[in-house]
Amino acid sequence: SQQGEEDPQALSIQEGENATMNCSYKTSINNLQWYRQNSGRGLVHLILIRSNEREKHSGRLRVTLDTSKKSSSLLITASRAADTASYFCATPPLGSNYKLTFGKGTLLTVNP
Amino acid sequence: DVKVTQSSRYLVKRTGEKVFLECVQDMDHENMFWYRQDPGLGLRLIYFSYDVKMKEKGDIPEGYSVSREKKERFSLILESASTNQTSMYLCASNAETWNSPLHFGNGTRLTVT
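Chains as they are written, first to last, in the numbering used here: chain A, 1 to 112; chain B, 1 to 113.
Be aware that one or more of the hints could be misleading.
For lysine-lysine, the following DSS-like pairs were computed, each having C-alpha atoms within a straight-line distance of at most 27 Å [what the hints assert, rightly or not]:
no. : chain 1 : residue 1 : chain 2 : residue 2
1   : B       : Lys57     : B       : Lys70
2   : B       : Lys57     : A       : Lys104
3   : B       : Lys53     : A       : Lys99
Across the chosen pairs, the derived CB separations fall in these ranges [as the list claims (entries may be wrong)]:
no. : chain 1 : residue 1 : chain 2 : residue 2 : range
4   : A       : Lys99     : B       : Ser67     : 14 to 24 Å
5   : A       : Thr64     : B       : Ile77     : 39 to 49 Å
6   : A       : Asn38     : B       : Glu96     : 25 to 35 Å
7   : B       : Asn84     : A       : Gly40     : 31 to 41 Å
Which chain A residues stay away from chain B? Per the calculated CB distances, all over 12 Å, these [said to hold, decoys possible]:
no. : residue
8   : Ala19
9   : Asn38
10  : Leu48
11  : Arg54
12  : Lys69
Honestly, the hints are just simulated from the structure, not real lab data.
Everything numeric in this text was worked out from a predicted model, so none of it was measured.
For glycine and all other residues, C-beta sits at the position ideal for the given N, C-alpha and C.
Same shape as in the complex, but just chain A (with noise of 0.2 Å):
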């Protein structure tokens, strides 16, 4: 079962533009977590934003959450080559801390 949808599925930027990436979700969360996958590794954990929280700044990150509109935004300020990536969203459901949920994710190409 699919919980959060990132969206676009793919984007492409020039190194020092910011990149936006949004994700929505169908239930109501605890907490919403973003994740970045470099090509063929695993997923590096990257901010949690808690279901109370409206705004979370991690360095270059920037991270929203709507809970009103059940959807998130990813903001990375003066991308670098580095970044490029897939990132995901993922939100485990009221009551657990087990089942995460993840997206498909939005590839990132940050061109030098």
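We have chain A already, so just place chain B on it with the hints.
Just chain B, lined up with the frame of chain A:
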């Protein structure tokens, strides 16, 4: 830093073989997970375990089983490998504390011929 180690990066097996994928974590995490990742389908949860000898089915458990005899080790077993099990397999772990993020291994790319 948490380390999740998967025993093989690449594996090639024949149809009908019994296949073991091993995963070890070094942070005393209670929860461990097996996902498979396929193009266009994203990550799908196969099985997870929240304690030694405890397991629960994920979304696609058919054709798989798991074993967790020790807290740090979680094995995925393909009883009789089939070509449709060719995939990238990802192991992950997290703590039982609320809002604990997942830590992933680097994956095992399994090809069944």
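Hints versus structure:
Taking the CA atoms of Lys57(B) and Lys70(B), the gap is about 19 Å. The hint holds against a cut of 27 Å. Between Lys57(B) and Lys104(A), the direct Cα distance comes to roughly 21 Å. Compliance with the 27 Å bound is thereby established for this hinted pair. A C-alpha spacing of about 18 Å is found between Lys53(B) and Lys99(A), which places the hinted pair at or below 27 Å, so the restraint holds. Checked against the hint of 14 to 24 Å, the C-beta distance between Lys99(A) and Ser67(B) comes to roughly 20 Å, which is consistent with it.
The beta-carbon spacing between Thr64(A) and Ile77(B), approximately 42 Å, falls within the hinted interval of 39 to 49 Å. Between Asn38(A) and Glu96(B) the CB atoms are about 28 Å apart, so this pair conforms to the stated range of 25 to 35 Å. The given range of 31 to 41 Å is broken by Asn84(B) and Gly40(A), whose C-beta atoms sit roughly 21 Å from each other. Listed as a non-interface residue, Ala19(A) keeps its Cβ farther than 12 Å from every Cβ of chain B; the least gap is roughly 20 Å.
Residue-level check failed: Asn38(A) sits 10 Å from the nearest beta carbon of chain B, not beyond 12 Å. Against chain B, the non-interface label of Leu48(A) is violated: not every CB pair exceeds 12 Å, the least being about 6 Å. The claim that Arg54(A) is not at the interface with chain B holds, since no C-beta of that chain comes within 12 Å of its own (minimum 16 Å). Against chain B, the non-interface label of Lys69(A) holds: every CB pair exceeds 12 Å, the least being about 22 Å.
When each numbered hint is compared with the structure, violations occur for hints 7, 9, 10.
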